[in-house]
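Trainee: Residue numbers (our numbering), protein chains in the order written: chain A, 7 to 325; chain B, 7 to 325.
No wet-lab data here; the hints were simulated from the structure.
Incorrect hints may appear among the rest.
Chain copies aren't distinguished; within one or between two, either way the pair holds.
Below, in silico cross-link-like pairs of lysine to aspartate or glutamate (EDC-like), each with a Cα-Cα straight-line distance of 16 Å or less [to be verified]:
no.: 1; residue 1: K286; residue 2: E313
no.: 2; residue 1: K45; residue 2: E312
no.: 3; residue 1: K305; residue 2: D42
no.: 4; residue 1: K45; residue 2: E304
no.: 5; residue 1: K77; residue 2: D116
no.: 6; residue 1: K45; residue 2: E34
no.: 7; residue 1: K45; residue 2: E12
no.: 8; residue 1: K285; residue 2: E269
no.: 9; residue 1: K45; residue 2: D306
no.: 10; residue 1: K77; residue 2: E240
no.: 11; residue 1: K19; residue 2: D50
no.: 12; residue 1: K45; residue 2: E313
no.: 13; residue 1: K305; residue 2: D50
no.: 14; residue 1: K305; residue 2: E264
no.: 15; residue 1: K16; residue 2: E304
no.: 16; residue 1: K19; residue 2: D116
Number of protein chains: 2
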Amino acid sequence: MTEEWERLIKQMKNGSVRALARLVSRVENRVPGWMDAMKRVYPDTGRARLIGITGSPGSGKSTLTNGITRKLVCAGLKVGIIAVDPTSPFSGGALLGDRIRMGAVSGLDDVFIRSMATRGALGGLNQCARDVAKIMDAFGKDFILIETVGVGQDEVEVVKTADLVLVICVPGQGDGIQALKAGIMEIADIFVVNKADREGAEQVVIDIQTMLELDADQSAPRPPIMKTVANKGEGVPELLAAIFDLLQSRDRRAGRQEARIREELIGLVEKEIAALVRKKWEKDGALDRAVQQVLNHEKDPYSIVEETLVPLASYLNGR
Amino acid sequence: MTEEWERLIKQMKNGSVRALARLVSRVENRVPGWMDAMKRVYPDTGRARLIGITGSPGSGKSTLTNGITRKLVCAGLKVGIIAVDPTSPFSGGALLGDRIRMGAVSGLDDVFIRSMATRGALGGLNQCARDVAKIMDAFGKDFILIETVGVGQDEVEVVKTADLVLVICVPGQGDGIQALKAGIMEIADIFVVNKADREGAEQVVIDIQTMLELDADQSAPRPPIMKTVANKGEGVPELLAAIFDLLQSRDRRAGRQEARIREELIGLVEKEIAALVRKKWEKDGALDRAVQQVLNHEKDPYSIVEETLVPLASYLNGR
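Only chain A is shown next, with the shape it has when bound in the complex:
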């Protein structure tokens, strides 16, 4: 590990927000040495609670995140926020939306905000978000709120292993089936019907209840349905109470922790192996040759992949 890494970790542990920010960026960008840095950070982790906050665009996620953050900070707790935006594959960066929206709390001490973009290959959104959460945890955050758009497999993965997941629904966003399409309803620990002062809010509550009744696993505890008007702060204290309540049940948390570690180990190994193979393949020009072979109809992609895999498979099985 280079001196730069050593210095940043030391400064971060001493409470430097700038060092924290730089550390996060470097780990996110997989700067060489990041794994060693994470090893060094790891012993200080395990204290923070992770809350996933998800819902479709326009559901008021950021406003609610703001509201929850304010209450936590008032209670003397330290908060980290990870806002995940699906990336533009071109710019490689998140657009301004959340940073602007987050303005309300971003000035507060004890709140550290990070916007993340899905970056295709680089370690995967999911793993990067976990790494960033760990660094915030080691820095001393009590709560880490991960806010994501609730559509897309990647986004679901990000919140899936949080200690607690809030799924936000709002009245007036298309019909019920569209809402269900998101595929996030099943991972909710708490449903939040936001903009509850709007027409149709009661119907959303009924729709969620109906859906929960259709659920195959009737033995599982039913997630509570809370109503909020986030931009007025209404219902936020009750929501926080429900959050604290659920976090108390330790069994649940232990189960999640094991699942999270399992996912994390597999995710890390897969990404790293893929990176190794890709690098090797690109380096010796084999990939370019393969692309040309397929383009010229000399070979099909499946045969090429198989030929690449055979030696690796026999190596793995021979061990």
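Go by the hints and put chain B onto chain A.
Mentor: Chain B only, in chain A's frame:
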């Protein structure tokens, strides 16, 4: 390759829709032998045009897909539709939405519809959609429409390498920044402002134009902005004309093809290697032991992953 595979491929090539459906399911589920089956199917591919259709929930994607399909069928063309839903990680399956919506065209001959769900590990949504598109191509489809929710990296990847991408916008879905968040604006070949009879449609057109003017790459051809009222069929003929127009420009298509092959080769290799390693890791109990070590704070995940990778890396570099 088993007899079952052989039989299905033969029947599919003879025009059996049932065989086509079964083949698609088996490849999607990665039934052993799927790679050999794809090798057999491959020589008959390369003729169909792939059109990606994407937009947020409620933008009228399915209705527009319906409208385009009807026109193509009227013109004597054969159409395949792949509807991609973000999955529920629990049920593993797409919900009913699109199948219901697709009712209008699903009864037509010459239209084959497939709903797909993101399935986490199994080959990846992206790759599966490509495989399914290839089978439809080999079956003799002229056009394959891939409809996805336009949020989430996975969904972007699915349409990114289509021959042509339609991005659908509608008036009245939150503010401009929310729309931009989707990160799909940059991959549009044609913008479609649907529900153009609604208030605010002109503003959407202006917003898109403004965004295009802000684009860094001013030398690239500007995607046209088309207006439709899909549920009344308005603007669909003009949209189709624009689609045919763009598909004529061959240079564009060749570049996309190379990018698609490259992505595909890397994607296939990565997924297959990850599956190999995961299988090996789960089989000999090493994964369970590793999870326990992390749970008991005996080791950190990064060290475990590194130890797993070192022999593999030296094997790859030694070749």
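Trainee: With reference to the structure, classify each hint as holding or not holding.
Mentor: Hint check:
1. K286 <-> E313: within (15 Å within a copy, 19 Å between copies)
2. K45 <-> E312: So K45 and E312 pass the 16 Å test across copies only (11 Å; inside, 35 Å).
3. K305 <-> D42: between (41 Å within a copy, 13 Å between copies)
4. K45 <-> E304: This pair counts as between: shortest inter-copy Cα distance 12 Å, intra-copy 46 Å.
5. K77 <-> D116: within (12 Å within a copy, 58 Å between copies)
6. K45 <-> E34: Classified as within; 15 Å inside a copy, 38 Å across copies.
7. K45 <-> E12: within (12 Å within a copy, 51 Å between copies)
8. K285 <-> E269: Result: close only across copies, 14 Å inter versus 24 Å intra.
9. K45 <-> D306: Close across copies (7 Å), not inside one copy (42 Å); limit 16 Å.
10. K77 <-> E240: For K77 and E240, the Cα distance is within 16 Å only inside one copy (12 Å; across copies 50 Å).
11. K19 <-> D50: So K19 and D50 pass the 16 Å test inside one copy only (9 Å; across, 60 Å).
12. K45 <-> E313: Cα proximity of K45 and E313: across copies only (13 Å, versus 36 Å in one copy).
13. K305 <-> D50: Between copies only: 13 Å across chains, 52 Å inside a chain, cut-off 16 Å.
14. K305 <-> E264: between (44 Å within a copy, 14 Å between copies)
15. K16 <-> E304: Neither. Shortest intra-copy (56 Å) and inter-copy (23 Å) distances fail the 16 Å Cα cut-off.
16. K19 <-> D116: Intra 15 Å, inter 64 Å, cutoff 16 Å: intra-copy only.
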